[in-house]
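Letter by letter, the chains look like this.
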Amino acid sequence: MIAASKARRSVLASSVLVAFAVFTACSGGTSTTTTNHVLVVDKSFDMKTADPQREFEVSGGIVAKALYSTLLTFKGADSATPVPAVASSYKASSDAKTFTFTLRNDIKFGDGTKLTSADVLFSFNRLINIKGNPSFLLDGVTVAAPDDSTVVLTSKDPNPAIPFIIPNPALGIVNSKVVKAHGGTDQPGADKADQAESFLNSQSAGTGPYVLKAFSTTSEVDLEANPNYWGPKPFYNKVVIRNIQAPAQLVNIQKGKDEIALDLSPDQASTLSGSGSVQVNAIPGPNVFFLFSNNNPKISGITPNKHFQNAIRYGLDYSSFVQLAGAGAIQTPGLVPSMFLGALTQADAVKRDVAKAKAELAASGISNPTVNLGFPSDFTLNGISFSTLAQKVQANLQEVGIKVNLTGSPIAVSLAEYRAGKEQLGLWLWGPDYPDPNDYLVFLPGQLVGLRAGWAKGSDPSLEALGTQAASTTDNTQRGQLFQQIQRQLNTDGPFFPLIQPGQVVASSKGISGADYNPTWTIDVSGVSG
Amino acid sequence: MTSAASAANQQLAAGWRPRLPSRLFLRFLGRRLAALVLLGLGITFVAFVLTELVPGDPAAANLGQRAIGDPEAVRAFREHYGLDKPLPVQYAVYLQHLAAGDLGESEQSHRPVRTDLAEYVPATAELAVTSILIAFALGIALGVLAAVRRNRLTDQVLRVLSLGGISMPTFWLALVALYVFFFQLGWVPGSGRLDPGVLPAPHVTGLYTVDALIAGQIDVLGNALQHLILPACVLAAYNVGLLTRFVRSAVLEVINNDYVMAARAKGLPERTVILRHVLRAALPPIITVGGLAFANVMTGTVLVESIFSWPGIGQYAFHSATTLDLPAIMGVSLFVAVVYIAVNFAVDVLYGVVDPRIRVA
Numbered sequence: 247m248i249a250a251s252k253a254r255r256s257v258l259a260s261s262v263l264v265a266f267a268v269f270t271a272c273s274g275g276t277s278t279t280t281t282n283h284v285l286v287v288d289k290s291f292d293m294k295t296a297d298p299q300r301e302f303e304v305s306g307g308i309v310a311k312a313l314y315s316t317l318l319t320f321k322g323a324d325s326a327t328p329v330p331a332v333a334s335s336y337k338a339s340s341d342a343k344t345f346t347f348t349l350r351n352d353i354k355f356g357d358g359t360k361l362t363s364a365d366v367l368f369s370f371n372r373l374i375n376i377k378g379n380p381s382f383l384l385d386g387v388t389v390a391a392p393d394d395s396t397v398v399l400t401s402k403d404p405n406p407a408i409p410f411i412i413p414n415p416a417l418g419i420v421n422s423k424v425v426k427a428h429g430g431t432d433q434p435g436a437d438k439a440d441q442a443e444s445f446l447n448s449q450s451a452g453t454g455p456y457v458l459k460a461f462s463t464t465s466e467v468d469l470e471a472n473p474n475y476w477g478p479k480p481f482y483n484k485v486v487i488r489n490i491q492a493p494a495q496l497v498n499i500q501k502g503k504d505e506i507a508l509d510l511s512p513d514q515a516s517t518l519s520g521s522g523s524v525q526v527n528a529i530p531g532p533n534v535f536f537l538f539s540n541n542n543p544k545i546s547g548i549t550p551n552k553h554f555q556n557a558i559r560y561g562l563d564y565s566s567f568v569q570l571a572g573a574g575a576i577q578t579p580g581l582v583p584s585m586f587l588g589a590l591t592q593a594d595a596v597k598r599d600v601a602k603a604k605a606e607l608a609a610s611g612i613s614n615p616t617v618n619l620g621f622p623s624d625f626t627l628n629g630i631s632f633s634t635l636a637q638k639v640q641a642n643l644q645e646v647g648i649k650v651n652l653t654g655s656p657i658a659v660s661l662a663e664y665r666a667g668k669e670q671l672g673l674w675l676w677g678p679d680y681p682d683p684n685d686y687l688v689f690l691p692g693q694l695v696g697l698r699a700g701w702a703k704g705s706d707p708s709l710e711a712l713g714t715q716a717a718s719t720t721d722n723t724q725r726g727q728l729f730q731q732i733q734r735q736l737n738t739d740g741p742f743f744p745l746i747q748p749g750q751v752v753a754s755s756k757g758i759s760g761a762d763y764n765p766t767w768t769i770d771v772s773g774v775s776g
Numbered sequence: 005m006t007s008a009a010s011a012a013n014q015q016l017a018a019g020w021r022p023r024l025p026s027r028l029f030l031r032f033l034g035r036r037l038a039a040l041v042l043l044g045l046g047i048t049f050v051a052f053v054l055t056e057l058v059p060g061d062p063a064a065a066n067l068g069q070r071a072i073g074d075p076e077a078v079r080a081f082r083e084h085y086g087l088d089k090p091l092p093v094q095y096a097v098y099l100q101h102l103a104a105g106d107l108g109e110s111e112q113s114h115r116p117v118r119t120d121l122a123e124y125v126p127a128t129a130e131l132a133v134t135s136i137l138i139a140f141a142l143g144i145a146l147g148v149l150a151a152v153r154r155n156r157l158t159d160q161v162l163r164v165l166s167l168g169g170i171s172m173p174t175f176w177l178a179l180v181a182l183y184v185f186f187f188q189l190g191w192v193p194g195s196g197r198l199d200p201g202v203l204p205a206p207h208v209t210g211l212y213t214v215d216a217l218i219a220g221q222i223d224v225l226g227n228a229l230q231h232l233i234l235p236a237c238v239l240a241a242y243n244v245g246l247l248t249r250f251v252r253s254a255v256l257e258v259i260n261n262d263y264v265m266a267a268r269a270k271g272l273p274e275r276t277v278i279l280r281h282v283l284r285a286a287l288p289p290i291i292t293v294g295g296l297a298f299a300n301v302m303t304g305t306v307l308v309e310s311i312f313s314w315p316g317i318g319q320y321a322f323h324s325a326t327t328l329d330l331p332a333i334m335g336v337s338l339f340v341a342v343v344y345i346a347v348n349f350a351v352d353v354l355y356g357v358v359d360p361r362i363r364v365a
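Taken in sequence, the protein lines are chains A and B. The numbering of the first sequence is our numbering, which starts it at 247 and goes up by one. The numbering of the second sequence is our numbering, which starts it at 5 and goes up by one.
Don't read these hints as lab results, they were simulated from the structure. It cannot be assumed that every hint is accurate.
[Said to hold, decoys possible] Quick list of in silico lysine-lysine cross-link-like pairs, DSS-like style, CA-CA up to 30 Å:
| # | chain 1 | residue 1 | chain 2 | residue 2 |
| --- | --- | --- | --- | --- |
| 1 | A | 503 | A | 459 |
| 2 | A | 402 | A | 438 |
| 3 | A | 438 | B | 89 |
| 4 | B | 89 | A | 668 |
| 5 | A | 604 | A | 552 |
| 6 | A | 321 | A | 503 |
Please build the complete structure, drawing on both the sequences and the hints.
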């Protein structure tokens with residue numbers, strides 16, 4: 247008995263020892279190595295590369311903006327007025343085909359080389375010839391450098407959007423000498439020949455406010471203030487951009503001192519309202535969630551019917567979508583987001599009218615229609631799940647008399663269906679590639695998204711003519727009016743039904759300023775101060 | 005109990021160390037390696053066929069909303085990743101490269117899959133090994149304790165707790181643990197492998213704790229351990245519950261055997277009886293469960309990695325699957341196959357080490 251008792255004590259003692267060891271390790275507290283001069287940005291990564299001419303992801307844009315300077319830029323949250331950066335000034339020709347940029351002559355790369363037009367020429371041609379995700383930004387554009395401090399962009403077609411495209415971080419200027427030395431090329435065939443990506447993932451070659459210290463596509467990106475930066479010195483010497491999922495961001499932001507969280511949903515943000523340590527900014531974001539009804543009779547005999555489309559248009563309960571999306575969200579009155587030139591006002595927004603929707607359905611001559619709705623079932627953006635939205639669409643249209651089968655699938659599958667124009671009804675979003683209404687001409691017949699909705703070229707000549715006119719008009723007032731006219735026409739008899747602009751939430755530690763959301767690069771870490 | 009078994013147990017009790025005949029062992033090793041090659045081939049084949057059957061398009065999943073509308077960008081993407089070739093040709097090229105140790109280039113990270121795996125596997129391995137050590141230490145100790153105190157209060161409490169460990173969804177436990185121990189109590193740091201701004205020690209193994217130890221960077225070691233302990237504990241919870249129950253049952257099976265009673269009758273201390281006679285005889289089934297638990301932890305950490313922002317193989321596998329990144333999917337599949345075969349192999353060898361009857365057979 248005594249021996250048995252000893253054994254029990256021994257086992258007990260072992261258990262307690264192990265538990266104590268675990269507890270001791272657990273209770274070690276946080277490290278003292280973190281300094282207060284580190285800005286921590288929590289973001290759920292879609293990171294692929296730190297090579298500015300290859301990145302076109304949200305996370306990549308934040309990094310490239312910090313590492314590379316562009317000819318023009320935007321101030322803070324504004325995206326309506328491009329302002330000088332590397333270019334001290336620019337001139338546009340009256341036909342919006344030629345843009346001449348005059349460069350500053352006091353900007354140097356880290357190796358002491360002066361930034362010249364040759365670097366701009368190299369960077370832009372590299373972007374074009376790599377044929378990557380951002381290459382379309384300079385579609386139809388040729389670049390010339392007549393002297394060291396002049397760059398001329400010539401567009402095949404009139405392109406008044408170019409000054410709004412130039413601030414994109416993908417057009418960040420790299421040190422051509424250094425990048426060439428590490429396998430980079432700007433020549434045709436760069437899609438195969440360029441080998442500089444791995445170098446640019448290990449160190450930066452730009453003139454931005456920060457330099458790259460460490461880069462990982464899955465854990466974190468570390469930036470350090472660039473001692474040679476030509477602009478105002480950033481407040482934070484170090485910036486760490488971490489790959490953190492939204493639920494953990496919610497916890498981190500309440501514990502951290504100098505932190506920013508970029509992926510909180512409006513619902514999550516609302517839980518922070520009583521927090522004394524966090525400030526939340528929820529504004530309408532630039533993403534437009536929309537529904538479409540396919541105009542291609544080969545895809546469906548029902549969805550191209552104009553009366554059927556009107557039944558959908560007036561059957562949707564737009565206010566309930568806004569309510570679902572939460573803080574910061576608004577009904578998008580047209581396809582162009584509210585912060586861009588040519589956006590419609592809330593007065594133009596379509597309102598629900600069930601009686602009218604039922605009358606339209608009756609006029610369509612289709613009784614008890616059943617259609618399939620495709621959407622990315624595993625995709626959530628701005629805190630809104632497409633599955634939840636799709637269920638709402640289904641319930642709304644059921645009230646009108648339209649039966650909707652939800653045929654969502656994982657995004658890798660549904661995206662292929664959508665892009666092939668095979669969905670009868672589709673629930674998708676469009677995020678801006680650059681802050682200009684020209685980016686929304688893709689919704690017209692024969693264009694990128696128009697074709698996905700089965701809207702072939704020549705289907706609506708008057709609308710297409712308006713689109714052509716808007717694309718080549720240089721006067722902004724006139725352009726704005728033309729885009730409004732296009733959207734009103736789309737709201738009357740187009741196959742697209744704009745639903746919402748979800749709220750864009752930026753949560754930051756109390757005392758932090760300058761954490762402004764900008765649709766082009768999400769956040770400029772060099773503008774943040776504590 | 006048979007006399008042979010009894011003799012074997014006596015041999016064990018006497019501290020006998022078995023030695024595997026080298027020829028048999030090499031044949032056994034050869035069979036396992038052949039199985040690995042065949043399994044690897046089978047996995048690559050199935051992954052290729054399944055990826056082809058999925059009605060998705062890697063170009064659509066990887067190119068942006070504009071680039072996918074540009075035939076030149078789509079062509080360049082397909083050509084770069086060999087997707088412009090027929091599937092049998094793609095497969096043949098893949099095998100050819102695989103034979104040379106080249107796992108291809110990831111479509112999501114634009115890096116060789118081998119480089120990606122070399123970065124992510126150590127992160128998961130560090131988490132998995134720590135977790136399994138915790139699970140073994142607690143599971144065995146608590147299982148023995150429960151068996152020794154069978155049907156008493158301690159046993160009943162431990163049975164309820166172990167059932168809780170098995171039943172609780174890991175993602176839920178991870179969120180609660182993060183909230184309580186990081187947010188409320190502040191005992192551990194939050195997400196990631198190190199604090200923001202703390203750089204890992206120079207890369208040797210990829211295990212931050214080991215690398216920090218090698219470099220003598222004690223502050224980094226401490227920081228890495230603090231980040232490691234909570235996700236490892238969360239990941240261990242299920243296996244602690246499982247092992248506690250398993251050890252309890254295995255110990256109860258042998259605790260009243262004749263040789264155990266004989267050991268007690270000889271006047272051996274109870275601690276020696278339990279540790280050297282009872283526990284050792286109960287080890288084979290525990291090793292089986294432990295081996296599978298380790299393999300599960302190595303390959304099934306995706307939720308814990310996601311919640312704790314741990315850049316391991318689980319997150320990599322998830323992103324690869326959602327973007328139809330075929331080379332990465334193949335690389336992860338092969339890794340999983342290797343882990344399971346290696347663990348089964350280690351379990352088989354350990355059987356022979358702890359139980360001479362298996363070696364004799």
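So, going through the hints one by one against the coordinates:
Between residue 503 (chain A) and residue 459 (chain A) the CA atoms are separated by roughly 22 Å; this keeps the pair inside 30 Å, and the hint holds. Distance check on the hinted pair: residue 402 (chain A) and residue 438 (chain A) sit about 26 Å apart at the alpha-carbon level, within 30 Å; holds. For the given pair, residue 438 (chain A) sits about 17 Å from residue 89 (chain B) by alpha-carbon distance, which is consistent with the 30 Å threshold. For the hint linking residue 89 (chain B) to residue 668 (chain A), the alpha-carbon distance of about 24 Å falls within 30 Å, and the restraint holds.
As the CA atoms of residue 604 (chain A) and residue 552 (chain A) are separated by approximately 13 Å, the hinted pair is consistent with the 30 Å bound. Restraint check: the Cα-Cα separation between residue 321 (chain A) and residue 503 (chain A) comes to about 25 Å, which is no more than 30 Å; the hinted pair holds.
Hint check: no violations occur; every hint is consistent with the structure.
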